[in-house]
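Student: Make a model of the complete structure from these sequences and hints.
Chains as they are written, first to last, in my numbering: chain P, 1276 to 1507; chain W, 242 to 453.
Nothing false has been slipped in among the hints.
Short, incomplete list of chain W residues facing chain P, as computed with Cβ under 10 Å:
hint, residue
1, P296
2, D300
3, N309
4, A310
5, F324
6, A327
7, A331
8, I333
9, W357
10, V364
11, A370
12, A375
13, G376
14, G405
Hints in this document: simulated from the structure, not taken from any laboratory.
Just so you know, even glycine gets a beta-carbon here, dropped at the ideal spot from N, CA and C.
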Amino acid sequence: MAKKLHDGAKQALAGLLFDGMTIAAGGFGLCGIPETLILAIRDSGVKNLTVISNNAGVDDWGLGLLLRTRQVKKMISSYVGENKEFERQFLAKELELEFNPQGTLAERLRAGGAGIAGFYTRTGVGTVVAEGKDTKVFNGETYILETGLVADLAIVKAWRGDSFGNLLYRKTARNFNPMVATCSRNTVAEIEELVPSIDANLVHTPSIYVRRMIKAASNEKRIEKRITRKEA
Amino acid sequence: MPWDRNQMAARAARELKDGFYVNLGIGIPTLVAGNIPPGMEVTLQSENGILGLGPYPTDNEVDADLINAGKETITEIAGSSYFSSADSFAMIRGGHIDLSVLGAMEVAENGDIANWMVPGKMVKGMGGAMDLVAGVRRIVVLMEHVSKDGSSKFRKKCTLPLTGTNVVDMVITDLAVFARDGRKGPFKLIELAPGVTAEQVKASTEAHYVEA
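Tutor: Right, dumping it as structure tokens:
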């Protein structure tokens, strides 16, 4: 079997990047984002990207780095509120944006990875999200048709990975990573810790979804809103 | 005296029942967590992927991998579980969450809600708001009765882009509580903040509602 673990992000992404491609990225806010792979994609200079990610990072971290370098043509996201450069590019019409409700985005990625072309949901009925979409009534309730999403490349961050490519995520850093891992034939995972094997009962993402893997060079894990309570 | 924000949240907490699974929105609704009656077991969900939200961490407990949907650091408690965002929204969309308390910019007399686009400001996105109003069994809205310019936020029709249609079960403002059953028929005025009169409420409400 081809070795999944690569020496670095550049090697792991070799041959997988091209201008105009669609990249799906795991993470929620700055939690559980593939920091190392984002930096490598920035350094590769690949451009005209469509990026599927719940958020768009902040100005100087995460996917915000690719916005800064103008490598992104379009974002498919549910919330992009923490990024001034995003706002500037969007208002100047330099950046396309497709808003998806967060649950719809998660399910579109899941569906895409599972070979489901579309699904009906009540989310967004009667709102701008429903515009131009097919509707159908089930048991007297209106649902809208949403389509599955697939990507040319998927990048995820996991806590632990084994050499087979099985992944385990940590706490709420799991978020979008499991679905993103499934939505492409080319999924590259960066892991914090390489372990000999993950207990088969505890695998979150089975190895079949992981094509290549690297040990993360960046585990900065920035916190957007550090809120604490006083020691009791 | 109209209710202050914490009193509004305390009023919303009276809608909780033992054993409920609840999702609290960002803003005033987060204050509901501090008003859960002692002895009542309520499990809080955060849509990024945790059930069983604990309090904010101490300095030593801060963990970058553990945040809520508002991207704030949090803690886990006994009984907590983590899951993917797809599983999280399956809980929400599938009707497994008993109640959600959300903020709003406008609620209409037919139960429509607008709470994701602020007029004149950059559109930040709806996040999970549309999924929550479409999927959670009971939607309680906490909002100021009138906006900063004095206009009624409980209206005949929403003027802002909608988050959902006919999804609101209860509206709690600083002045009063309006509720309806089964998302049918008009809202009823069921409670007044202390010292607030029905006439005052009438005068500052654009929506049609039934007097108790």
